[in-house]
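A.B. asks: The primary structure of each chain is shown beneath.
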Amino acid sequence: MLKTLIKIRLQGIFLRQTKSSKKKKGTGIGKIILMLVLFGYVGVVFAFMFGMFFSALVEPLQMMNIEWLYFALMSLIIIMICFFGSVFLTQHEIYEAKDNELLLSMPIKNRDILLSRVFTILILNYVYEILIAGPAFFVYVRTFGMSIVQVIMFFLMFITLPLFVLALSCLFGWILANILSRVRMKNVIIIVLYLAFMFVYIYAINSIEQYIGWLITNGQTIASAIEKGAFPLYHLSIALQNGNIFSFFIYLVCILIPFAIVMYILSIRFVKLATTKPKMKKIIYKAKPMEESSLKMALLKREFRHFTSNAMVMLNGAVGIIFCIIAAVALIIYDDDINMLLSMYPFVREYVTPLLCLAGIGVCSMNMISASSISLEGDCLWILKVLPISAKDILDIKLGLHLLICIPAGVLFSVTSIFIFKVGLWDACLVILAPILFTLLIDLIGLLLNLWKPKFDWINETVCVKQSMPVMLTMFISMGLAFVIAIVYILVFIDIFSVYSYMYFLFGIFIIVNIALMYMLQTWGVKRFDEL
Amino acid sequence: MLRIEHLTKMYDSYKAVDDLSLHIEQGHIYGFIGHNGAGKTTTLKSVVGILPYDEGEIYIDGRSMKKEPMECKKMMAYIPDNPDLYEYLSGIQYLNFVADVYQVSKNDREMRIHKYADMLELTSDLAQPISAYSHGMKQKLAIIAAFIHQPKLIVMDEPFVGLDPKASHLLKQIMREHCHAGGAIFFSTHVLEVAEKLCDRIAIIKKGKLVVSGRTQDIIGNESLEDVFLELENDNA
Numbered sequence: 005m006l007k008t009l010i011k012i013r014l015q016g017i018f019l020r021q022t023k024s025s026k027k028k029k030g031t032g033i034g035k036i037i038l039m040l041v042l043f044g045y046v047g048v049v050f051a052f053m054f055g056m057f058f059s060a061l062v063e064p065l066q067m068m069n070i071e072w073l074y075f076a077l078m079s080l081i082i083i084m085i086c087f088f089g090s091v092f093l094t095q096h097e098i099y100e101a102k103d104n105e106l107l108l109s110m111p112i113k114n115r116d117i118l119l120s121r122v123f124t125i126l127i128l129n130y131v132y133e134i135l136i137a138g139p140a141f142f143v144y145v146r147t148f149g150m151s152i153v154q155v156i157m158f159f160l161m162f163i164t165l166p167l168f169v170l171a172l173s174c175l176f177g178w179i180l181a182n183i184l185s186r187v188r189m190k191n192v193i194i195i196v197l198y199l200a201f202m203f204v205y206i207y208a209i210n211s212i213e214q215y216i217g218w219l220i221t222n223g224q225t226i227a228s229a230i231e232k233g234a235f236p237l238y239h240l241s242i243a244l245q246n247g248n249i250f251s252f253f254i255y256l257v258c259i260l261i262p263f264a265i266v267m268y269i270l271s272i273r274f275v276k277l278a279t280t281k282p283k284m285k286k287i288i289y290k291a292k293p294m295e296e297s298s299l300k301m302a303l304l305k306r307e308f309r310h311f312t313s314n315a316m317v318m319l320n321g322a323v324g325i326i327f328c329i330i331a332a333v334a335l336i337i338y339d340d341d342i343n344m345l346l347s348m349y350p351f352v353r354e355y356v357t358p359l360l361c362l363a364g365i366g367v368c369s370m371n372m373i374s375a376s377s378i379s380l381e382g383d384c385l386w387i388l389k390v391l392p393i394s395a396k397d398i399l400d401i402k403l404g405l406h407l408l409i410c411i412p413a414g415v416l417f418s419v420t421s422i423f424i425f426k427v428g429l430w431d432a433c434l435v436i437l438a439p440i441l442f443t444l445l446i447d448l449i450g451l452l453l454n455l456w457k458p459k460f461d462w463i464n465e466t467v468c469v470k471q472s473m474p475v476m477l478t479m480f481i482s483m484g485l486a487f488v489i490a491i492v493y494i495l496v497f498i499d500i501f502s503v504y505s506y507m508y509f510l511f512g513i514f515i516i517v518n519i520a521l522m523y524m525l526q527t528w529g530v531k532r533f534d535e536l
Numbered sequence: 515m516l517r518i519e520h521l522t523k524m525y526d527s528y529k530a531v532d533d534l535s536l537h538i539e540q541g542h543i544y545g546f547i548g549h550n551g552a553g554k555t556t557t558l559k560s561v562v563g564i565l566p567y568d569e570g571e572i573y574i575d576g577r578s579m580k581k582e583p584m585e586c587k588k589m590m591a592y593i594p595d596n597p598d599l600y601e602y603l604s605g606i607q608y609l610n611f612v613a614d615v616y617q618v619s620k621n622d623r624e625m626r627i628h629k630y631a632d633m634l635e636l637t638s639d640l641a642q643p644i645s646a647y648s649h650g651m652k653q654k655l656a657i658i659a660a661f662i663h664q665p666k667l668i669v670m671d672e673p674f675v676g677l678d679p680k681a682s683h684l685l686k687q688i689m690r691e692h693c694h695a696g697g698a699i700f701f702s703t704h705v706l707e708v709a710e711k712l713c714d715r716i717a718i719i720k721k722g723k724l725v726v727s728g729r730t731q732d733i734i735g736n737e738s739l740e741d742v743f744l745e746l747e748n749d750n751a
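Line order of the protein sequences matches chains A and B.
Just so it is clear: in the first sequence, position 157 is 161 by this note's numbering, and no numbers are missing.
Just so it is clear: in the second sequence, position 170 is 684 by this note's numbering, and no numbers are missing.
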């Protein structure tokens, strides 16, 4: 039975990535290739980044005679990345899964249900792990080589380390589920936690160079701290460095015992965890005078309420807003430093406006609300189909919501940067216009992609906003575009155009593409929505 | 009120509805009966504009569903068999949304919401999020939403599923009132006793084709609807 459950879960994961809607059966080869390219791209970027990190560390650590610290750091990073990456999935898969009641009513052992869910989370953890362990292994083997025993131990470490992370995330997920079932402001707590995790993650990634320097200068102190404080990791590192079987055994015991204890507790409490409904205080309706709204306002209110009803929808769709605010605040905080740099390097003034336009585009590139707005209708699409609302109105409002939510934050960043950098009136208009045009472009691209490949048979909204193809494609295009704009100028146009001419050229391109995509939405898009 | 002419709906090569024609007049409750997969839901969904159809025509009060879908939808309401409603809204927010779409005035919506919500004993739950509703409560909310703009035609797919006996009784009463006021109701059901007692007209569909339609009394004669239905099922097997 466990095998069958695992098979169903794996099919679910695979179909989640490749199947577009319940109306069309089968999976397109093109879509599979596209997904592989996307994942490949992300994989290469991360592998390259961690490869650089480990390359910079491996030799200095050996010279300081604390070579084992290399593996300890690798393990710590694996634990951190896997934990942050899977804690919310753990909470969802184990504590909030929708099919718990169905499976519990069948003659299936609770242990098998639990293990099948654990397996899904483990797969995700292995994906995260390989992005770190792969480069670490490659760098080490290339530098020092490894014996067969070391390779086997490394492989066993690869298999077992995520089990410890799983025990941690199950424990944290349980605490989270307990807190969330008792509070009303569920969305606020999830947003705060998610942002806190994200900032730790971004801070860690951005400070990678500082860490390398810090690790090299304080290697001995860190080594002794790990030796005393993270006893299992020390033994794992010794085992991997020397092929020490006894140390590896100690590591295995320390990793597997917490995992076994957590799994045991979960299996005996699974029924209670899976069937406990959150206690919610009943809100009694008190009749109030009702308000009338126009059709478009009613649609907009509905879209807004949908968007704000789920923390994960908000975070995945509009995390760029937070970046805009952070960037604006950072500009104010570093105002003096910026002005000092500008006075030290006056030639930079020439590039300020194009750079601010690019920065505005960059911070807005993480907003993709419209890319899942059609899919999010899910099983309720029938309501829009039955009501006398034209497809044009529905699409206009979906487009409008994205703009209404994302443009103010982009403009806030632009206005702040205008004051900090003291740019002239005309340039200020351009700096404000850049994020507006770019937001509209991504809004249109996201909505059209979602119309092209909607996905209505999602298990929960988080899966829909995180893993559906239109969202991934929009994210890929949006983030890639900011990068491409800069690279194309440096590689192709630097000798042809001045930076200002290039900027005007891009404004022209953005306007033309936006008009073309708007026309496409009003023609093909409307027809496509009617077909759904 | 509703005229279905030679309706054909295909799912790839499978004919779900095959050349079906029906005429539902003002003031009538029209029952639509058939086995599972006979094509009832497909027909109802085609009528309300959820599914596009391949051949034939559907007219609502003389207007073509293909040519004037918005005008047709304004005169109709639909209650699905499985009321998936916006779980992120509260009951009252959902009703207000529907009322806004149909541009129902403030006074009219207040009056109708309170009338039907009180009748179906849902008033105290209207401030609750729909996600906290049971299946029956969602069904009641869908019923209130369907009556909020006083449509001429109401299409219902298995409307009694999930309702408690009292709510079922009230729904039958509301349906009858609606038809007395000049409206029409076209609904599918598996509960043959209900269809027999409630419907002025009945249509039986089998494998996408209309087997029989007409006045309930003419169809059942001295037998029960159950006997007639089973005979027709066996005859055409």
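It is worth saying that the hints were derived from the structure and are not from the lab.
Don't take each hint at face value.
[To be verified] Result set (DSS-like, lysine-lysine): computed pairs, CA atoms no more than 25 Å apart in a straight line:
| no. | chain 1 | residue 1 | chain 2 | residue 2 |
| --- | --- | --- | --- | --- |
| 1 | A | Lys531 | B | Lys666 |
| 2 | A | Lys286 | A | Lys276 |
| 3 | A | Lys457 | A | Lys396 |
| 4 | B | Lys666 | B | Lys721 |
| 5 | B | Lys620 | B | Lys580 |
| 6 | B | Lys588 | A | Lys286 |
| 7 | A | Lys531 | B | Lys686 |
| 8 | A | Lys396 | B | Lys588 |
| 9 | A | Lys290 | B | Lys629 |
| 10 | A | Lys396 | A | Lys286 |
A.B. asks: Evaluate each hint against the coordinates.
C.D. replies: Hints and how they fare:
no.	hint	result
1	Lys531/A to Lys666/B	violated (28 Å)
2	Lys286/A to Lys276/A	holds (23 Å)
3	Lys457/A to Lys396/A	holds (18 Å)
4	Lys666/B to Lys721/B	violated (29 Å)
5	Lys620/B to Lys580/B	violated (32 Å)
6	Lys588/B to Lys286/A	violated (35 Å)
7	Lys531/A to Lys686/B	violated (39 Å)
8	Lys396/A to Lys588/B	holds (17 Å)
9	Lys290/A to Lys629/B	holds (15 Å)
10	Lys396/A to Lys286/A	violated (38 Å)
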